[in-house]
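Enquirer: The primary structure of each chain is shown beneath.
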Amino acid sequence: MRKTGDIVVGLCFLAIGIVFAVNSVKLKIGVPTEPQPGFFPFIDGIILIALSVLFLFQAWRGKAGESPAFGKVGGPAIVVLTLLLYVATLETLGYVVTTAILSAVVLRAMETKPRILLLVSVILAVVSYLLFDRLLGVTLPPGLMAAFL
Amino acid sequence: MGMFENLAGGFVVALSASNLFYCALGAVLGTAIGVLPGLGPPATIALLLPVTFKMEPVSAVIMLAGIFYGAMYGGSTTSILLNIPGEAASVVTCLDGYKMARNGQAGKALGISAIGSFIAGTLGVLGVSVMAPTLASFALKFGPPEYCCLVFLGLMMAIYLSEESILKGLMMGALGLLLGTVGLDPVDGIPRFTLGFNRLMDGVDFVVMAMGLFGIAEILCNLEVPENREVFKTSLKGLLPTLQDWRRCWAAVLRGSFLGFFIGVLPGGGAIISSFAAYAVEKRLSRYPEQFGKGAIEGVAAPEAANNAASTSSFIPLLTLGIPGNASIAMIFVALMIHGIRPGPLLLQEHPNLFWGVIASMYIGNALLLALNLPLINFWVRMLKVPYRYLAVVVVVVCVIGAYSVNSSAWDVGMMVFFGILGYLLRKFAFPASPFILAMILGPMLEKTLQQSLIASGGHFATFLDRPISATLLIVAGLLMLTPLAKAIWKKR
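The listed protein sequences correspond, in order, to chains H and Z.
Everything in the first sequence is counted per the working numbering, starting at 356 for the first residue and increasing by one.
Everything in the second sequence is counted per the working numbering, starting at 2 for the first residue and increasing by one.
Hints in this document: simulated from the structure, not taken from any laboratory.
Check before you lean on any hint, since a few could be wrong.
Estimated spans, in silico, between C-beta atoms of each pair [as the list claims (entries may be wrong)]: (1) Z:P376 <-> H:L499: 33 to 41 Å; (2) Z:M482 <-> H:V481: 48 to 56 Å; (3) Z:L481 <-> H:V428: 33 to 41 Å; (4) Z:A89 <-> H:I362: 26 to 34 Å; (5) Z:K55 <-> H:L485: 12 to 20 Å.
Note that CB positions come from ideal geometry on N, CA and C, so glycine has one too.
Turn these sequences into a full structure, and let the hints steer you where they fit.
Expert: Right, dumping it as structure tokens:
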């Protein structure tokens, strides 16, 4: 049986190998007596290409092992999305607001009751801000809360 | 100076008030995350890396090492009481440990695993103090070609021993080597593969990557499975094994310790394989093999001894050769590099205090763990009742703060999220993360020694086969890679 998932993964690895190998050529490979910056990544890239082709071949023939068992992917997907939004808004909205939202989403994905969820995420965001920013000297972006904190 | 004088010097370092505190802190934290399923030692060490920036290097390594071996103590508790391994090296303890708990012998199982771990840990530390200096002085004679082959063999072994699919391991290794080349070229200082981002000039930040790959990825994976935890309700009486138990177990503990120690020295060997190997050996040697899987006390004692001895001895390749053999040790390697210390054969000469201080702290840590664990076992059990979601959310927040603190920028948080997603997908497709990390860390060294060897020999790859040590190392690496092929051919016939 062909493993579509494995074939996609194999193609990704293959693409990475090709990108590195091609760019190594641009960096100049040199000769063994006088290796240039592209020398080592070029060899690596070629090895990765060869391994990926072998992997693709196995996947094509349905020999590449078990297919992945995805459980309920809704949880991870929503958390990943929130994390990406978090990165985009961290410096403008500030640590406390964004972290409270992030915590709430993580807790929600793990089936926490709404009331506890709100309480825990707000407390966690504020306490961690005070602990790390004020006590331990890690500068966290204040953002919207600049006036209060 | 003899070994004992060195060790005495190490104790002076390890017994200073602050180092004693960090040793205890590491051991307790290690036990806690060992007990709690869903957060492993590499993730915990990665999370704490930013905390160690401002610490003395010795204290940093003492604490991180404590987490690593402390987790081996803690992991068995969850295996025995919940039939869920608290961390991967305790999988095999579930077999007989949980059965013992069902038979009303939970206390005894917990007791023997703590005492067995203590004996093994202490023996392991003794072994390290004897073996490490010898190996380091031997490795001092290595030139670039030997080093190049050693790093190569280390990587191959880690790939060969760590996972079932060697092809996947090799692919991850090659990917790690490639990502390791991102940043300034170590020889000429030319930027490579930075995609025009100045931030990538220094390469991919290990701390940020590790927090994503272990911390965030672990949480994402656990989000898929609904929480289900039931602590086995039982009275925890009779923690100390009786004389009769001892008579059955002492040999198993010793065998487990030795086996674990020698498997642990090998890169990729580590605690998981050694615990399985020890279990298999005991089952074969036992006079009552039919009791295994039904609550045989040796089936708990031997693997627990083995995983502890292995976690101790896996410090040997790190401290003497500069080669981390598993993901946790790789994180400790990163901690040393952050402090500008390059682990390797010179470590013993350049930083004797660090070397012996860490080893002495492991003696102390093992004693502390025994003293802490047996009386506190009820506390650890109660901790298991705290729902996983609270741990998960704290881990996410600590990851975010840690990544941000590296350069005070959201860029690093973004990188961490990227590696978190990558780690999650790789786990789903059963691609092992540790060869990737090891290759990324060892890549620059491999590249440098490869280039040096080639330049010195006038561009002949044969130089590696001309020198006896490097040739041996290469041949071993080659044989390792050929075994799966040979097996496949054998099966077909």
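Enquirer: State for each hint whether it applies.
Expert: We went through each hint and held it up to the structure:
1. Z:P376 <-> H:L499: 33 to 41 Å: violated (48 Å)
2. Z:M482 <-> H:V481: 48 to 56 Å: Holds: the Cβ-Cβ distance is about 54 Å, inside 48 to 56 Å.
3. Z:L481 <-> H:V428: 33 to 41 Å: Holds - the Cβ-Cβ distance for L481 (chain Z) and V428 (chain H), about 36 Å, lies within 33 to 41 Å.
4. Z:A89 <-> H:I362: 26 to 34 Å: holds (29 Å)
5. Z:K55 <-> H:L485: 12 to 20 Å: Holds - the Cβ-Cβ distance for K55 (chain Z) and L485 (chain H), about 19 Å, lies within 12 to 20 Å.
Violated hint: 1 only; the structure is consistent with all others.
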